[in-house]
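Turn these sequences into a full structure, and let the hints steer you where they fit.
Note that the protein sequences, when read in sequence, are chains A and B.
Each residue of the first sequence is one higher than the last, beginning at -6 in the numbering used here.
Each residue of the second sequence is one higher than the last, beginning at 25 in the numbering used here.
These are calculated hints, taken from the structure and not from any lab test.
Cβ atoms here follow ideal geometry from the backbone N, Cα and C, with glycine treated the same way.
Be aware that one or more of the hints could be misleading.
To be verified - Covered stretches of chain B, going by a simulated chain A footprint (3 or more residues, C-beta under 8 Å):
no.: 1; segment: 133 to 139
no.: 2; segment: 167 to 179
no.: 3; segment: 184 to 190
no.: 4; segment: 258 to 268
no.: 5; segment: 271 to 280
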Amino acid sequence: MFYPRWIANLAKGPSALRRRAAVQRGGAVSPKARLFARALAIRHLDAGSCNGCESEIALLGSPVYDLSRFGFSFTPSPRHADLLLITGVVTEAMAPVIRATYDAMPQPKLVVAAGGCAIDGCVFRGAPGVLADLAQIVPVDAYIPGCPPSPDELLDGLLSLVGRSAPAAGEVG
Amino acid sequence: MDRLHHRIDAGRDALLSACSDAVREGQKVLHIFPEQGGARTAVWRKGQREIEEIEAGTGPYLRPSRSGFPSLRYAEESEFEQAAFEDERAEHTVSGEGMHVVPLGPVRADVAEALRFEMDVLGDEIHGLALRRGYKHRGVAQRMQGAQVGQALEIAERVTGTSTVAHALAFSLAVEDALGLEAGENTSLLRSALAELERLHSHLGDLASLASATGTVVAAADLYRLREAVLRFGAHWTGHRYLRGAIAPGGWRRDLQDVAPELPSFLADIEREFLAVRRALDHTNSFLDRLHGAGRIPAAPLDLVGVVGRSAGSDEDVRWDRPYAWYTELCAGKRPATLATGDAFGRYFVRCEEIGHSIAMLRRSGAVRAKGSALPAAASDGIGYGLVEAPRGRLFYRVALREGCIETCRIRTASSINWVAVPSALANYNILQDFPIIDASFNLCVASLDL
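In structure tokens, the structure reads:
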């Protein structure tokens, strides 16, 4: 009973991929990011989120979005990761953890800040224990805005970061 | 980092005996918080509306637990409570030949919140667990101090993303209580409807992660798909997938879509498909075998709340015990879903039942039109309480207003209560391979533990 629907969803593609999600530094796709166009291992890191972003990121693996068809995957180990996907405000306690995780990743590597909190602290900006800028800890390659960014926006942000365009309806990755 | 200890023997008994002068039989402690040099306790008797506050001194009152019982400690109240607990901090030690510690986190699993588990393991068996918390402390309470009602509402909505409605509603009820406002009939009806929609997507997500932890990937895929459908319906209804920016003290912050025509067929689809998934899971032995007996909460004097509490013998549900919004009508003739097993299967079962309840309640509440309205001009002072049943359990807000701004906002979330049970449940004859399943069966929120 499950498979036909899954295959139908796969063929349809994400319903409303929007092109506006990723705000990229400099606008052009960097040669480094382009290396990962076909295969990208993502390590997610929660730096102090409300769990809204996690909830949306978890849906990326669902059959509705299915990020594996783009060659993207989540990896539990930073040693296997190409991209660090950071969500949430940057708390003082997590700052050294972010740095250590980044240092553990092999070169070349990318960092994406997803969600309003990771970008500028959102409503928690200026709260005690919340640091102002993620870019002071690790270099950030792309920002994906949203509170939380929807799976559409996340997928579109990641695709445009590595220089791929979102597939048209019916195209399978 | 603070440390939660694996022993919980002190638990509620110590807390109650320490407050024994004040806390009478049958009353529940909602929150203990510092207030002007001393501490206050908010207590409540099940089935009654009044929330009482009891003055309590600083001294022995906050020192009952030698095991670091965490419900008495809050990061945002650090100065006050750190001092009270500094000398009480128990160190977690388990020793023996072959015993080693498996550290996990704060960067853990594929997509998970930041929390550190330190498991004492002998071979495969888990003998103890210490949790290190505090990685995600965002200073919610401090940030709210001095904020205007509208700003504080935005912060409350971002305490826990998957319980946005519950937090917005508890905050709004507290502000309305403080100002002596009464929400209209339609507003109450619609608030209940949104709260149930939120419970629906939250429970579907919890079950999906449980299914994926047990390796039943087809069911997980289907549950995630159902959850996505609920989120999209919410976006269509309120303009936000997690229903943000709708609920406000006294009314609505924006016009809501009229979904009355689509609601019945949407609910019928979700119900039919959910029942099909549930039936499949209930007949999958490899799934059930992993749940029965896994992560059983030992019989301990603990006041657990929400799904975790109701699957361990409690029948506490704020919707029944202190009805708010439209729940007097919606709960009539039903009882909260309960099971007394206290294991992962109990939590699975209660969540499944509650999904059915939520769908039935949504169906009964229907959908009425809502118009956006301005926030009330809160020029007066006052203290108000909001008590709601969030998807993960009882959520308490105490808001003190001064000249239209938040003087203090005290929040007590269900996860901050229920995390206490996780170490003892995990160290209860489970093996390392059970850990992801037990963790997923609780699916507690770290953001609302660290606040």
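Verify this for me: three or more residues of the segment 258 to 268 of chain B with a beta carbon less than 8 Å from a beta carbon of chain A.
holds (count 3)
Whether chain A covers the segment 167 to 179 of chain B (at least 3 residues having a Cβ closer than 8 Å to its Cβ atoms):
With 4 residues in contact (Cβ-Cβ under 8 Å with chain A), the coverage given for the segment 167 to 179 of chain B holds.
Per-stretch coverage check for the segment 184 to 190 of chain B, three Cβ contacts closer than 8 Å to chain A
With 4 residues in contact (Cβ-Cβ under 8 Å with chain A), the coverage given for the segment 184 to 190 of chain B holds.
Please count how many residues of the segment 271 to 280 of chain B have a CB within 8 Å of a CB from chain A and say whether that reaches 3.
violated (count 0)
So is the segment 133 to 139 of chain B in contact with chain A by the C-beta rule, three or more residues under 8 Å, or is the coverage claim wrong?
This one holds; 6 residues, not fewer than the three required, reach chain A with a Cβ under 8 Å.
Figure legend: structure checked against the earlier numbered hints; the only hint not met is number 5.
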